[in-house]
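Using the hints, put the two chains back together into the complex; each one sits in its own frame.
Those protein sequences? They're chains A and B, same order as listed. Numbering-wise (my numbering), the first sequence opens with residue 1 and increments by one. Numbering-wise (my numbering), the second sequence opens with residue 1 and increments by one.
Fair warning: there could be bad hints in the mix.
Distance condition first, Cα-Cα at most 20 Å in a straight line; then the derived DMTMM-like pairs of lysine to aspartate or glutamate [claimed, not checked]: (1) Lys465/A x Glu161/B; (2) Lys270/B x Asp233/A; (3) Lys471/A x Asp275/A.
These aren't lab readings, by the way, just hints derived from the structure by calculation.
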Amino acid sequence: MNNKFDILIIGAGVVGASIARELSRYQLDIAVIEKEEDVSFGTSKANSGIIHAGFHSQPGTLKLKLESAGNRMFDQLSRELGFPFERRGELMVAFSDDELQILHKYYQRAVQNNISGAELLGRERTLELEPNLNPDILGSLHAPTAGIVGPYEYCFALMENAASNGVKIFLDNKVMKIFRKGASLEIVTDKGISLSGKFIVNSAGIYSDEIAKLAGVGDFKILPRKGEEYLLDRRVGGLVRRVIFPVPSEKSKGLLVIPTVDGPVMVGPTAEDIDSRTDFSTTRSGLDAVFKNAQKMVPAIRATDIITSFVGLRPAATGGDFIIGKTSVKGFINAAGIQSPGLTASPAIAEMIRDILVDEGLQLKKKDDFCPERTAVSKIRPLVENRDYKTLETLISKDKNYSKLVCRCENITEAEIIAAVRSGHTTLDGIKFSARACTGRCQGGFCTSRILDIIHRETGIPIEKISKKGKGSEILFYKKGAF
Amino acid sequence: MKNNIYDTVIIGAGPAGLAAAVSLKKSGIEKVLLVDRESSAGGILNQCIHNGFGLHRFKEELTGPEYAERYVDLVRQAGIQILLDSCVIDIMSSGKGKEVIMLSEEQGLLRISCKAVVLAMGCREKNRGNIAIPGSRPAGILTAGFAQKMVNIHGYMPGKEVVILGSGDIGLIMARRMSLEGAKVKAVIEIQTHPGGLNRNIVQCLQDFDIPLYLSHTISEIKGDRRITSVEVSPVVDRSVPDRNKSFHLDCDTLLLSVGLIPENELSLKAGIQLDNVTRGPIVDANLMTSVEGVFACGNVLHVHDIVDWVSEESEFCGYRVARYIKGDNGKSREIPVRTGKMLSYTLPSRVEVGKPATLSLRTMAPLENVILAVRTEKDFLYKKKFRKIFPSIMQRIALKEVPADAQYIETFITTGD
Numbered sequence: 001m002n003n004k005f006d007i008l009i010i011g012a013g014v015v016g017a018s019i020a021r022e023l024s025r026y027q028l029d030i031a032v033i034e035k036e037e038d039v040s041f042g043t044s045k046a047n048s049g050i051i052h053a054g055f056h057s058q059p060g061t062l063k064l065k066l067e068s069a070g071n072r073m074f075d076q077l078s079r080e081l082g083f084p085f086e087r088r089g090e091l092m093v094a095f096s097d098d099e100l101q102i103l104h105k106y107y108q109r110a111v112q113n114n115i116s117g118a119e120l121l122g123r124e125r126t127l128e129l130e131p132n133l134n135p136d137i138l139g140s141l142h143a144p145t146a147g148i149v150g151p152y153e154y155c156f157a158l159m160e161n162a163a164s165n166g167v168k169i170f171l172d173n174k175v176m177k178i179f180r181k182g183a184s185l186e187i188v189t190d191k192g193i194s195l196s197g198k199f200i201v202n203s204a205g206i207y208s209d210e211i212a213k214l215a216g217v218g219d220f221k222i223l224p225r226k227g228e229e230y231l232l233d234r235r236v237g238g239l240v241r242r243v244i245f246p247v248p249s250e251k252s253k254g255l256l257v258i259p260t261v262d263g264p265v266m267v268g269p270t271a272e273d274i275d276s277r278t279d280f281s282t283t284r285s286g287l288d289a290v291f292k293n294a295q296k297m298v299p300a301i302r303a304t305d306i307i308t309s310f311v312g313l314r315p316a317a318t319g320g321d322f323i324i325g326k327t328s329v330k331g332f333i334n335a336a337g338i339q340s341p342g343l344t345a346s347p348a349i350a351e352m353i354r355d356i357l358v359d360e361g362l363q364l365k366k367k368d369d370f371c372p373e374r375t376a377v378s379k380i381r382p383l384v385e386n387r388d389y390k391t392l393e394t395l396i397s398k399d400k401n402y403s404k405l406v407c408r409c410e411n412i413t414e415a416e417i418i419a420a421v422r423s424g425h426t427t428l429d430g431i432k433f434s435a436r437a438c439t440g441r442c443q444g445g446f447c448t449s450r451i452l453d454i455i456h457r458e459t460g461i462p463i464e465k466i467s468k469k470g471k472g473s474e475i476l477f478y479k480k481g482a483f
Numbered sequence: 001m002k003n004n005i006y007d008t009v010i011i012g013a014g015p016a017g018l019a020a021a022v023s024l025k026k027s028g029i030e031k032v033l034l035v036d037r038e039s040s041a042g043g044i045l046n047q048c049i050h051n052g053f054g055l056h057r058f059k060e061e062l063t064g065p066e067y068a069e070r071y072v073d074l075v076r077q078a079g080i081q082i083l084l085d086s087c088v089i090d091i092m093s094s095g096k097g098k099e100v101i102m103l104s105e106e107q108g109l110l111r112i113s114c115k116a117v118v119l120a121m122g123c124r125e126k127n128r129g130n131i132a133i134p135g136s137r138p139a140g141i142l143t144a145g146f147a148q149k150m151v152n153i154h155g156y157m158p159g160k161e162v163v164i165l166g167s168g169d170i171g172l173i174m175a176r177r178m179s180l181e182g183a184k185v186k187a188v189i190e191i192q193t194h195p196g197g198l199n200r201n202i203v204q205c206l207q208d209f210d211i212p213l214y215l216s217h218t219i220s221e222i223k224g225d226r227r228i229t230s231v232e233v234s235p236v237v238d239r240s241v242p243d244r245n246k247s248f249h250l251d252c253d254t255l256l257l258s259v260g261l262i263p264e265n266e267l268s269l270k271a272g273i274q275l276d277n278v279t280r281g282p283i284v285d286a287n288l289m290t291s292v293e294g295v296f297a298c299g300n301v302l303h304v305h306d307i308v309d310w311v312s313e314e315s316e317f318c319g320y321r322v323a324r325y326i327k328g329d330n331g332k333s334r335e336i337p338v339r340t341g342k343m344l345s346y347t348l349p350s351r352v353e354v355g356k357p358a359t360l361s362l363r364t365m366a367p368l369e370n371v372i373l374a375v376r377t378e379k380d381f382l383y384k385k386k387f388r389k390i391f392p393s394i395m396q397r398i399a400l401k402e403v404p405a406d407a408q409y410i411e412t413f414i415t416t417g418d
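In isolation and in its complexed conformation, chain B is listed as follows (with noise of 0.2 Å):
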């Protein structure tokens, strides 16, 4: 096995670990190197060629392949190394170093010995088994990734009568997709009360494009013994439970599935790294840093992001504290806790630096109104937002100008007085 010696490994090279890198090659680290299954860097990003990435990041609108370009470019200028085909299988720890091992096509089995690693792996779509739908399992049924790709990178169409469970973006995006490519979207099945993806792509996809969006509603029954031939719908009571007194058919030969996205953590887990339960990402500290030291984790790996510009601004953090990391953990304050308070399901990071600036990321755990979204020490108020309304599908970041020097933790919590 071939042995190589690097500052840092960047596992993925997506939109996190291309930012990751640049920031880390910026704060003067030399040797990084980003490794990549697929053939050519930047992650999911190159399947999604609709536009609207970029807005925070870049001010413009871009599509996903543009936007995967900058940095692309950034990192090329950077003279950052890319090993592509090459897919990490183990990452372990000898002391303070790590090894990450890995399979190149072109290079055989690959040992590299770093002082950290970033885990930018991003995440994968739940599918059929996941959620468990009743009924046959005939072809026809794919995620709705899966059905970008292979239409928008392979140039194959998984079918002509489109039925999409799940309202997230992907599923919004593929509805406009399938429809543009000639294909007939029948139904956007959602089974919560409201759309799990941005308003803007309920608008541009399906409002466009006449096609009905049932919320509430859920496939109780897929049908078809080759291939798929119909779905039952039925109105869900109790959040979950399909009603099939009322259900109706939809005729259809493919069925798409955009029902969720989960972190892939697989090496993670190998690696012996502590997932937390709700975002199904690794536990981090204020430097992003996994319970596995020398180990961090930035981007879809550690939650599942709504728009790539927050992946981008988290995996620039995550690099330059990867970078002071190496050097040796100079300028490391104290760490407190951040608590997660009332109707939230998460805050990340879970630990935040005193007299440091910190940028929080959140989700409510249920669609709310006319609330307040705040943050506090154990003394005062370090932030507070009133909100209409606020949904889960949407990702909260709050930036704090500095956590207070004193403070002995933050807890972030919705609240409806003042």
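One chain only, chain A, in its complex shape (with noise of 0.2 Å):
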């Protein structure tokens, strides 16, 4: 194997996916390192999918300058590599006078931010946008530019790509080790592996303190800050049609109410410091929380509507800013810190980091191979609500496999679920991540088992040792009378 690269990454969230397909462009040998079991494990996979405007960030930060630039990025990628994404738009909310003159400031924010198209609105024009909300509310500000995405397929779309322009990935390998040997620097990883690479990009996330300090650079911590979010049955999808926000707190953009791409809203997250990187556990308080915020906005939603919750640790470093950048370790480059708006920045996260590179002194020479477009794999959700069966016949003319139901729930299909498996994901998770399945009210009760024999069948990996999320995780421990 041939273990000399131009570039290493360690870490495949969105920092990582984006900075490795921004630099596939190029003739760069490029590895990606990752110490779970699938791409967008970490932090990517908890993120709540929206892209925002940018009226919240402060005038003059880099988080501000890429979140905008990222922002207008999205289109074109979009197109390109065949994830949802959509351009709903943001509301704050204000319910007081005292909300009000906040409103008025982060109006005055995006005015001098930026902001197209940003706007004050009067009760009545808010809830002629978002009839939903509560009739309470004095007035909002309204952002049209904000957008929503699948976090983790545009991860994995990101990721795909960039494999099929000739990025290698090494998942399941946790970085243990990095020096200097030479002109490289050089990785070992948790299962013997050793990498060489010219430069080297942090971009491991809530570990990026650590991968750094592995590497002589101690100059910044992460701050794990834990968000809790639910997400509602399908049935209550169409409550809201943007992202919703209260006038934010000093620590986080609040407690929101988030329409997702694939139609079930989600509502959080909460935003909590804590010591631990490993806490991924939800509370009840932080349910009630949610639930409380969420429904002075939209009355209407329910606690007992939550079909599953999940946590997220935002990455926040020292210094509340991004920390993008060369360090003292010369080839050695952070891309750290990278918490909201961390996913509407990754695109513009990865022109920097690119060019920071060549500060460095590393020679681009584009490719004249690199193929920008990936193909989504065909869904039929969307043909089977839109009762599209013409188009559906024709797929499944094309591929029979689109005509076994795997997950009633959703509707995902024999056919995406292969695909999934044959794009790597053979975990329970990395399935349900990349085709949905799993996701919907009954959580996986009646297709987990047709999935494992999915995953059998088309990897040979034994059922008892499938996993939820990689090994010590396994669905179905024991072969029947095995003890």
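Following this line, the structure appears as structure tokens:
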């Protein structure tokens, strides 16, 4: 195996994946090293999926610069990579005169930040746009350029496209050592794999300070900020069209009501500074806070409509802003502290990293055969929902597996599951995030056994070795009679 | 898309669909199509390999697969067509006729025209998300029914140190099954003050295996990173709030959830059928017809039953009424509303026909002692029965010989006096 690369990217979340994809345009040998079993399995998979307009960010920050630039790039990215993206708009709503004052401040900031189309709306107009909002609201700040994406779908699309343009991915490999060897930087993983690169990009999210420390860079710390989110039943999916924000607090953008590109509405996230990097537990107090706030904005939201919950840890860094740039170790570049609006900023971060690498002496030569496009797997859900049976029939005539319904809550067929397995997703969570199976209201009650069968058939992995999210999380431990 | 014409399409070949098919055929309806997404008929009965089925229906004790086989045999003998590995994705109305769209693994997309549709899709289990148990999200948390399928059909064990949340019958049955397969079942945790399942299952599945049952307790936190390692169990105050000061931990590698069933009505909603907020099944009239004309419902898709025998009985009745509808509604008399009175959570159906017998299904809102369950019209009592104890977990079925011809409504209710 050739272990020599031009660039080693540590971390396969949206930041690492964006950088990998951007750099795959050039004649470079690139490797991405990820400690989890699949791409996007860290903070990115728990992202809210909002492409922010930019009125939350402080003028003059790196965050704002990259957020604004990133936002503008999503139309093209979505066209090229075939992930769903919709410019739905954001509304920040006010319930009191004090909150109206704050709303005004944010409006001024929106003007200063050049947020196109940002406008203050009165009560009537706000309710016209979003009839399910609490009629007690007094007004809102509307930013139509905000959008929503499927965060893991975006991440998978970036990485698949990067891989098809030659980027190597090492999953389930945790970086244990980083050291200099001549002109190169060397990495050793917990699986004993050694990789060498002229540059290392540190996009290790919640662990980026630890990775930096391994390289001898100790000038920042990650302060994990936990966020709990709750996904509601598809039945109440139509409650809001836009992302609904309260007037924000110091720590976060507040507890939101978020439409998703897949249909269901999500509520959250909480913002709690914690010491642990492994605390992914939801709490009763988190649930209570999320629903209390969500119901204030959209009274029809009910906790009885929860179909699942999850937690993400934002990799907030000391200093508050993104930490992007070269370090005291030559060739070791940080893309760290990328918390909100990191998803929005990710494509712009990738370009910034590219430019930094050039400044550091990297030679860029465009690939002649770079293909920016990725063909997304055809899905039957929109066809079933829109009763487009003609297209569905065409799909089936091309691939009979489209007539085998595996997940009936979300209308996902065997063809879609097979495609997910063949593009490298072999855990149940991997299938869930890439094909949406098990994300519906039954949460896998019916389809899990069929998905296990398909993974087994496609990969040869014994059923009892198939896991939820990697080793130690096997779904079924024992063949009957084993003890 | 292939076009086919039938008198009726029955969606789901579990106990409800099978029984409805038999009575439709008996009533002279020739073109009946039973559709099921699985590879064999019988529905959930196929994984219920324990006995205790059929005591009412067949006056003998059968296993689930045996019970299913009785009906599958009847369906086969009657020459009713069963289309397996096929999932209905849409029901559309065109005038009085119906069109059923399905994905068939063998035949691709099928469009079937028919006069009536019977919903017999059964129910699904509530899962962890539905009850929002706090904590981490590791592997090893399964619904009891999924575990039952893996153990009984596929031959895999989900773990060896098990805690079960919820004392519904599936949870109790799985406590015994897991024990018999060599796992250690540490406890069954029930949030209510009384068990959710049948008493015979408490005795045979828990007491006989020395498995402790914690009533008025719940799981207040799930722990474990990759796989579940323990649960925190707390007593509850005010019926649902965990008192974490009095909590204790149970180590386990598996948590099975038996926390309730929900009628599977996604298809019904798409077809524009109105659902009842309590049963979460369609609102039906005296003929078990839903709010969409020509679409009927029976079995667990209509309301969750405790025992399969009642599913069969209800579905047979449904089949007869569907047949009558297809033949042109002969002999239908005036319908009056059924009201659900004090201390009852629901009564089904929502309407009955006067001058005809009627069977009412109902549940109480809470466990009650020394009460009378009664049914009356605006004038007369039609039914009265004393109960020393009555539980919401046990569905009451009341057979009325005849609904009085002049009645304006009937009401079911609980009373303490005579």
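Consistency of the hints with the structure:
no.	hint	result
1	Lys465/A x Glu161/B	19 Å, holds
2	Lys270/B x Asp233/A	14 Å, holds
3	Lys471/A x Asp275/A	25 Å, violated
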